[in-house]
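Each chain, letter by letter, is given below.
2 protein chains.
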Amino acid sequence: MPTLFRKSREMRNYSRLQKCEKRLTIGLVPTMGYLHDGHRRLIRESKMQNDLTVVSIYVNPLQFAEGEDYDRYPRDLQRDMSICEEEGVDVVFAPTDEDMYPEKPLVSIEINGLTDVLEGKFRPGHFSGVCTVVLKLFNIIQPDRAYFGEKDYQQLKVVERLVKDLSLNVDIVPVKTVRDLDGLALSSRNSYLSSEERESALSLYRSFLLAERLIKEGKKDASFIKQAIKEFLLSHDGVRKIDYVEITDENLRPLETVEESSRILLAVWVGNTRLIDNWRIGCEQV
Amino acid sequence: MPTLFRKSREMRNYSRLQKCEKRLTIGLVPTMGYLHDGHRRLIRESKMQNDLTVVSIYVNPLQFAEGEDYDRYPRDLQRDMSICEEEGVDVVFAPTDEDMYPEKPLVSIEINGLTDVLEGKFRPGHFSGVCTVVLKLFNIIQPDRAYFGEKDYQQLKVVERLVKDLSLNVDIVPVKTVRDLDGLALSSRNSYLSSEERESALSLYRSFLLAERLIKEGKKDASFIKQAIKEFLLSHDGVRKIDYVEITDENLRPLETVEESSRILLAVWVGNTRLIDNWRIGCEQV
Numbered sequence: 532m533p534t535l536f537r538k539s540r541e542m543r544n545y546s547r548l549q550k551c552e553k554r555l556t557i558g559l560v561p562t563m564g565y566l567h568d569g570h571r572r573l574i575r576e577s578k579m580q581n582d583l584t585v586v587s588i589y590v591n592p593l594q595f596a597e598g599e600d601y602d603r604y605p606r607d608l609q610r611d612m613s614i615c616e617e618e619g620v621d622v623v624f625a626p627t628d629e630d631m632y633p634e635k636p637l638v639s640i641e642i643n644g645l646t647d648v649l650e651g652k653f654r655p656g657h658f659s660g661v662c663t664v665v666l667k668l669f670n671i672i673q674p675d676r677a678y679f680g681e682k683d684y685q686q687l688k689v690v691e692r693l694v695k696d697l698s699l700n701v702d703i704v705p706v707k708t709v710r711d712l713d714g715l716a717l718s719s720r721n722s723y724l725s726s727e728e729r730e731s732a733l734s735l736y737r738s739f740l741l742a743e744r745l746i747k748e749g750k751k752d753a754s755f756i757k758q759a760i761k762e763f764l765l766s767h768d769g770v771r772k773i774d775y776v777e778i779t780d781e782n783l784r785p786l787e788t789v790e791e792s793s794r795i796l797l798a799v800w801v802g803n804t805r806l807i808d809n810w811r812i813g814c815e816q817v
Numbered sequence: 532m533p534t535l536f537r538k539s540r541e542m543r544n545y546s547r548l549q550k551c552e553k554r555l556t557i558g559l560v561p562t563m564g565y566l567h568d569g570h571r572r573l574i575r576e577s578k579m580q581n582d583l584t585v586v587s588i589y590v591n592p593l594q595f596a597e598g599e600d601y602d603r604y605p606r607d608l609q610r611d612m613s614i615c616e617e618e619g620v621d622v623v624f625a626p627t628d629e630d631m632y633p634e635k636p637l638v639s640i641e642i643n644g645l646t647d648v649l650e651g652k653f654r655p656g657h658f659s660g661v662c663t664v665v666l667k668l669f670n671i672i673q674p675d676r677a678y679f680g681e682k683d684y685q686q687l688k689v690v691e692r693l694v695k696d697l698s699l700n701v702d703i704v705p706v707k708t709v710r711d712l713d714g715l716a717l718s719s720r721n722s723y724l725s726s727e728e729r730e731s732a733l734s735l736y737r738s739f740l741l742a743e744r745l746i747k748e749g750k751k752d753a754s755f756i757k758q759a760i761k762e763f764l765l766s767h768d769g770v771r772k773i774d775y776v777e778i779t780d781e782n783l784r785p786l787e788t789v790e791e792s793s794r795i796l797l798a799v800w801v802g803n804t805r806l807i808d809n810w811r812i813g814c815e816q817v
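Chains as they are written, first to last, in this note's numbering: chain A, 532 to 817; chain B, 532 to 817.
Honestly, I wouldn't trust all of these hints.
Given that identical chains are not distinguished, each listed pair holds provided it fits within a single copy or across any two copies.
As the list claims (entries may be wrong) - Each computed EDC-like pair below joins lysine to aspartate or glutamate, with the alpha-carbon atoms no more than 16 Å apart:
1. K695 to E634
2. K707 to D647
3. K635 to E691
Since the hints were derived computationally from the structure, they do not count as laboratory data.
Please work from the sequences and hints to get the whole structure.
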């Protein structure tokens, strides 16, 4: 079994010892637990590039807005520990709320043009909570590298910029989205879906394939592509609402004309489950 | 002479070597240069508590608002280096703008209830700039302790809270304000004052003595004390404008009734120079 730390002081001391005295490198895979094959991919990437791999498991209350799914977010530390053992993880850091937030933090962190768009518009305070917990984890664990899935593409961009703007000494390593054989992007939140809802949720992936086809046919107008995606999504009974469909450059700036390597990002409600996904045009395996 | 680093990469490597391999502790005195006896006090405190003392010298553009004194802020690296040599400083870190901000940072950092009051109201963006540069300096230099003067009391409180909220592994050490024999709090900005203006600037210190006397006489109503301070300040010809006079608890929450250990904070314009000062009631040497 991996070593389990519940206290940041223990984690901090461990990292200092390993990095400083034993001169080992540390890879961090920050998660909210309920691990799936997407997390396994992050862990494997970390194990290839570092001497030690730490998986943090913490459902961060700060990044959930009022009325979101914080309470029902799936949690199963025992199952997560088994997966980490299978993957050869060295340390699981699963701090208590009391340890992470002995007092309610007063800090708020925004990144102009990155935290105020897309997810940031629909989940006010979300990225401030993400930035806060990521900085805390980096400060406690002192990783050499940290692994983030492209599934949460906006989060990846936010963290990359945070690291640059604050001169943090950690390499952010992006890892491709892992999809089920039918194309559904892996997410702990998929556990909320009934089997009918899961069928509807495939429309997200399929809307990307539709967009690829339209673009290959020469349709380059972003509004046209976005409209086609929306209509396709809403043609599925289970798709209750679309928060956004956007096409951007790699820095999340909206485009009027689609280019090779533009990215489609979307957020969709299937029943009571909010799903996000994204797709780099012309570059992903279908 | 102290070792001078102009690049964060050099500074980072030095700190890693000293901390990790030589197991030495590092004290940081962050400054904007043009060092005076207040800075000397910070340096001496650091030298007593740490193996190595780093003084950073950087006029951080990010913490000046449009129209403030960024351009005319006094700079003299050679003089600063001499002072650091006299004080036995080990390293001066004086990065270039290009090194600190290769791109304009997009991050903004606020601390609810601390950055949006007093100085924060009159200098929008100031504390976000302070928090950004302080985090960068901490991430680059990795100090064990960092020294901040009580002269900038609100800044001290902001940095203390930032460290707590983000789980930074650095002790913030507050150091008492150093005053000239006539009571004027030392500040690099005092160099802006003509000799007549300097005389008017003494009213800040003297207004604290007035407040002490009133409180000793039993006046405990904060509004009354603040009004008396304002009238006293404005009775001086050179005092052109008062930005604020406030009486707070140690966490900058305004008080209606003055207590032992309450703090008076004020910002005043003497000619074209904006001065700030603060005073802990019943606890400071007059």
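Quick rundown of the hints versus the structure:
no.: 1; hint: K695 to E634; result: between (28 Å within a copy, 9 Å between copies)
no.: 2; hint: K707 to D647; result: neither (24 Å within a copy, 40 Å between copies)
no.: 3; hint: K635 to E691; result: between (25 Å within a copy, 15 Å between copies)
In summary, the one numbered hint that this structure violates is 2.
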